[in-house]
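Chains as they are written, first to last, in our numbering: chain A, 178 to 596; chain B, 70 to 484.
No lab work stands behind these hints, which were simulated from the structure alone.
These figures come from a predicted structure and were not determined experimentally.
Glycine included, each C-beta is placed from N, C-alpha and C at the ideal position.
No false leads were slipped in.
No more than 25 Å apart at the CA atoms, straight line, and that leaves these computed lysine to any residue pairs for SDA-like:
1) A:K423 - B:Q204
2) B:K184 - A:R181
3) A:K423 - A:E325
Computed far set for chain A versus chain B, every beta-carbon distance over 10 Å:
4) F210
5) D251
6) K252
7) S273
8) R434
9) S481
10) L550
11) A568
12) L580
Per label pair, the in silico range of CB-to-CB distance:
13) A:D556 - B:P281: 57 to 63 Å
14) B:H324 - A:L372: 48 to 54 Å
15) A:N217 - B:S279: 38 to 44 Å
16) B:T92 - A:D409: 36 to 42 Å
17) B:Q271 - A:K321: 57 to 63 Å
18) B:R200 - A:K575: 37 to 43 Å
19) B:D441 - A:K402: 55 to 61 Å
20) A:K575 - B:T92: 37 to 43 Å
21) A:Q570 - B:L202: 44 to 50 Å
22) A:N217 - B:E212: 37 to 43 Å
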Amino acid sequence: MINRTIQPPIQKIEEVSFVSPINHPISENVSLFHMNKVSNETTRFDLYFDAGKIRTSGGIAGFVNGLILSGTKDKTSIEINEAINGLGGFYDSGVSAENAVLSMYALKENMIPLFDILIDAISNVIFDEKEVDEFINDSRQRQKINSEKVSYLAQKNFQKILFENEKAYATTLEVEDYDKLEKEDLVSFHANHYLKGLRKVVVVGDIDQQSIAHIIDKCRPIISKKEHSFSDKIQNKAEELRVPKKDAIQSAIRIGRTLFNKNHPDYLDFLILNTILGDYFGSRLMSNIREDKGYTYGIGSMLSELEKTGYFMIATEVGHEVKDLTIKEIKFEINRLQTELVKDDELALVQNYMLGQLLKSADGPYAMMDLFLSVEMYDKELEFYNLAIAAIQNITAKRIQDLAKQYLNWNEMSVVIAG
Amino acid sequence: MKINYERFILENGLTVLFHKDITTPMAVVNTLYNVGARDESEDQTGFAHLFEHLMFGGSVNIPEFDTPLQLAGGENNAFTSNDITNYYDVVPKQNIETVLWLESDRMLSLAFTDKSLEVQRSVVIEEFKQRYLNQPYGDVWLELRPLAYKVHPYKWATIGKELSHIENATMEDVKAFFKKFYCPANAIIAIAGNFELEEIKQLVTKWYSSIPAGTKNSRNLPIEPPQNEYREKTINRKVPADAFYYAFKMKDRLHDDFYPSDTLSDVLGRDNSSRLYVSLKKNKQLVSSIGAYILGTIEDGLLVISGKLNDGVTFEQVDQALWDELSTIKKSLITDAELNRNMTKFRTSKEFQDQGILNKAMNLSMYELLGDASMINSEKDNYLNISPKEIQAVANSIFQKTNCSLLKIKAQNND
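Hey, can you work out the whole structure from these sequences and the hints?
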């Protein structure tokens with residue numbers, strides 16, 4: 178008879194193999210990174226532009242990003258989309274505070290034609306009036322829908338006090354932004370930030386050298402030739418903000434502060450503290466607030482990184498009637514990390530869990546490319562992850578307590594409760 | 070690329086599929102239980118999903134599910150649909166035995182603690198609020214399902230008909246549910262990773278062979294009678310824009326009509342080159358968004374066309390334009406270019422879906438439930454061989470007014 182009460186022996190993860198993409202420099206500042214170890218027919222490419230929301234005001238960056246395929250003088254948006262869909266391309270675009278990215282997922286056989294279509298669309302978009310009006314109307318409607326969500330209200334107000342001294346980083350739109358829009362703003366932003374704003378090209382797929390050379394050739398005219406500046410002075414305002422919403426049956430909570438990114442010496446150890454607090458299913462916050470109290474469907478904490486800094490945030494949605502009890506429990510958990518040492522078994526569990534997740538996040542060429550991109554942004558190599566493994570293996574309970582005391586003080590937090 | 074797999078069945082009826090993938094350091098164990106919201110009784114809806122939560126509250130020999138798994142570097146999750154309940158674990162391959170130990174113990178029996186029931190009841194109620202009640206348009210499926218289905222249990226959503234069903238669940242109900250549905254005869258597991266078949270056979274036999282077989286879920290669900298009537302319902306909600314949901318009955322997952330129906334929905338509303346998007350949005354400027362999709366349920370399902378109106382546009386205008394398009398696709402064959410575009414898109418998404426061991430393990434389990442895991446390789450041709458004529462034929466059988474249920478959400482003023 179087997180003994181079901183004892184866990185089978187487990188093996189620790191000692192190492193993870195990392196594969197760097199090939200770096201093809203296009204200019205002094207701009208590179209194409211190519212991950213060619215792909216064993217199937219799938220490919221992806223991403224074009225990164227210095228066209229984030231901080232480069233302008235009033236939503237222009239988001240509008241231009243969303244209108245890239247809206248038509249040239251030779252092709253309507255319908256024709257461009259038909260060409261892309263006809264080649265089986267899945268197009269995606271996104272814009273954050275500091276960056277804009279355009280991506281395409283495709284079969285290998287269609288990748289180069291799709292790339293050419295996209296480059297043509299980017300280079301020659303004319304911001305046709307009818308297309309712009311339609312896009313603005315759709316965005317306005319989406320914005321109105323979002324405004325009905327307590328999670329959106331909380332996030333929007335959290336950004337306001339998090340980025341209190343760098344208002345450009347608070348990027349959620351106001352209704353007026355849609356009405357103030359001028360076509361010239363779109364044209365000039367596009368000219369400055371897309372036509373000469375390409376910062377990075379990423380290719381995943383079993384693509385030959387000739388194709389890579391073709392991509393580089395086509396990208397050359399739009400590469401960025403300047404240094405890009407980003408704020409390193411962001412400082413959150415520590416205060417509590419309540420945003421009432423009539424009839425809301427849940428409240429959304431955001432708690433956080435500005436902190437740091439991979440360039441800070443405490444980054445890796447802080448990630449371990451963050452995992453213990455709120456970044457896995459067995460975390461302190463989930464165990465207490467979901468699995469013990471049943472106040473929420475989910476609660477988590479994260480460290481979000483920017484080019485020159487970063488911020489820490491706790492996010493959840495809870496029953497309206499237990500919002501204050503939830504805040505009390507979050508305080509309790511933070512306080513516990515500051516006053517009590519994490520026990521050996523919990524620490525061992527988090528160490529093993531984090532190593533397992535690192536192994537998983539390096540599984541396959543797409544995951545590996547994403548790992549690479551998240552260190553390349555800070556001028557680091559994949560070697561950084563070997564440091565991460567060492568940090569996870571060598572962490573102590575004392576160090577975690579010290580970090581909690583240093584970085585998780587309640588009186589330094591921005592707190593928003595919406596709903 | 071063909072996906073390889075092996076199948077073996079334990080004496081207690083547990084079906085095991087194994088897919089070897091030498092490229093990954095991870096392993097996946099996917100466990101599919103042949104039970105979903107359709108197996109609930111009408112006065113206890115939401116139960117299959119509540120039960121999924123309880124599966125993490127400790128089993129007969131192991132007080133906690135997540136802790137040992139995390140200690141092994143793994144993670145897990147689960148989902149419940151109207152048809153099935155599916156659990157999956159992803160773990161570094163060297164620690165796969167921990168997963169088999171955990172999964173086999175909760176197949177054997179749960180701990181059934183009162184605390185777990187109380188807490189998960191609250192968690193599910195918060196989930197109900199977060200996803201269905203406290204979101205604009207969140208309650209659409211709570212309204213649309215009972216409009217489209219009058220008899221069949223697809224008429225309620227997996228979260229349940231109402232909060233009170235979750236609030237009133239008792240420990241006795243929970244135990245009975247487990248006894249009836251959670252057993253080897255009613256489960257399929259799929260394992261993927263860099264292993265040898267013999268290794269997997271030995272480990273699975275070790276942990277699962279002593280679990281009593283139980284009985285396979287034999288359903289005798291009420292049959293939804295032919296619709297034969299046009300249904301329409303309007304609800305008023307505090308939302309910013311009017312929205313519409315046209316639900317048409319379509320054939321079950323294994324019917325020959327399933328594949329052309331799926332493609333029909335793609336031609337109409339998959340992407341920004343599809344017919345409805347180009348016609349109703351780009352050309353006529355009636356809607357801010359529109360899409361068409363199928364639910365893909367095992368039994369007779371729904372093809373849904375949904376979208377939101379532009380300001381100043383009436384439901385009647387959209388209704389007219391929509392039925393015009395449906396009438397066109399019933400009358401004339403779609404063009405080769407249209408078909409090719411959709412097939413190239415299908416091939417692309419299939420190639421992306423077929424990478425990654427989690428997807429492969431989940432799909433193997435699902436196809437085995439449908440009848441045969443080998444469908445994971447043969448289904449592609451079922452799509453690629455579809456002709457314009459077949460699409461026209463299903464369009465004619467599906468797009469009948471008397472086969473349609475329309476839910477309209479009318480935006481109320483916010484004050």
